[in-house]
Amino acid sequence: MVKLGVVIPAAGQGKRMGASIHKQFIPLRGRPLLAHTLALFEQSELISEIVIVASREDLQTIGELVEAEGLQKVSSIVIGGKERQESVSAGLKALSPLIQRVAVHDGARPLLTCQELNRFLTEAEKFRAAIMAIPVKDTIKKVDSQGKVLETPPRDTLRAVQTPQVFDRVLLEEAHQRAVESGYMATDDAALVEWLGHPVQTLMGSLENIKVTTPEDLDLAESILAKR
1234 MVKLGVVIPA
1244 AGQGKRMGAS
1254 IHKQFIPLRG
1264 RPLLAHTLAL
1274 FEQSELISEI
1284 VIVASREDLQ
1294 TIGELVEAEG
1304 LQKVSSIVIG
1314 GKERQESVSA
1324 GLKALSPLIQ
1334 RVAVHDGARP
1344 LLTCQELNRF
1354 LTEAEKFRAA
1364 IMAIPVKDTI
1374 KKVDSQGKVL
1384 ETPPRDTLRA
1394 VQTPQVFDRV
1404 LLEEAHQRAV
1414 ESGYMATDDA
1424 ALVEWLGHPV
1434 QTLMGSLENI
1444 KVTTPEDLDL
1454 AESILAKR
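In terms of the numbering used here, the sequence shown opens at residue 1234 and continues consecutively.
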């Protein structure tokens, strides 16, 4: 059986949240936000290993969280870089050599269910690179630096991308290495693989799989969990 590990970037400052603590530690239904995310991958029988990427100042706090939650699959907590891309690269290097497939999931996406995760991971096995995504509801405009509309892409060709994103490990490692050599920066790992010229498959995500970045997002997350 192919071994699948997950890298969870959790090194962000969460400045848009406007809180006195980093957003990954903000209480969500009585537990730190990050605890919900980690518990999801701990519960999935398809995940063999978890690597958390954190800021240096959060290493101890996250270590204490892992111990308090009794998370057995967390193998490493490593220091991230200034950019998300650098953090994921650090997480990749910390994974066991036995891991052949890698999922990358935002630490601030705590609402995915185990059923949704396992469904996605199973469907993704058919592809070397696959990402969660949902159709966009709004009309999207491409604009210039002054806000002038340049074009309106057909809505049925657009997707809002989520995590997890899953890749063959060797493919993702090559993408990160080539990006470093070329000075290329992307906002997600799929973009790095696309940049290599490799196809990336979208698979259906979840409307509830939001990234918690603002106080309004936190309120919505509380509401979603309260209904479960």
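Some hints here could point you the wrong way.
[Unchecked claim] Simulated crosslink set (DSSO-like; lysine-lysine; CA at most 30 angstroms straight-line): (1) Lys1375 with Lys1326; (2) Lys1315 with Lys1444; (3) Lys1370 with Lys1381; (4) Lys1460 with Lys1306; (5) Lys1359 with Lys1381; (6) Lys1460 with Lys1444; (7) Lys1460 with Lys1326; (8) Lys1359 with Lys1315; (9) Lys1359 with Lys1460; (10) Lys1444 with Lys1374; (11) Lys1359 with Lys1374; (12) Lys1359 with Lys1306; (13) Lys1306 with Lys1375; (14) Lys1370 with Lys1460.
Hint data in this document are derived by calculation from the structure and do not stem from the laboratory.
Status of each hint after checking the structure:
1. Lys1375 with Lys1326: violated, 37 angstroms
2. Lys1315 with Lys1444: holds, 19 angstroms
3. Lys1370 with Lys1381: holds, 22 angstroms
4. Lys1460 with Lys1306: Given that 30 angstroms is the threshold and the Cα spacing comes to 28 angstroms, the pair holds.
5. Lys1359 with Lys1381: Violated, at roughly 41 angstroms.
6. Lys1460 with Lys1444: Given pair Lys1460, Lys1444 holds - Cα atoms ~18 angstroms apart, limit 30 angstroms.
7. Lys1460 with Lys1326: violated, 38 angstroms
8. Lys1359 with Lys1315: Judged against 30 angstroms, a Cα distance of about 33 angstroms means the pair is violated.
9. Lys1359 with Lys1460: violated, 33 angstroms
10. Lys1444 with Lys1374: The given pair, whose Cα atoms are some 22 angstroms apart, holds under the 30 angstroms limit.
11. Lys1359 with Lys1374: It is violated: about 33 angstroms lies between the C-alpha atoms, which goes past 30 angstroms.
12. Lys1359 with Lys1306: holds, 25 angstroms
13. Lys1306 with Lys1375: violated, 42 angstroms
14. Lys1370 with Lys1460: holds, 23 angstroms
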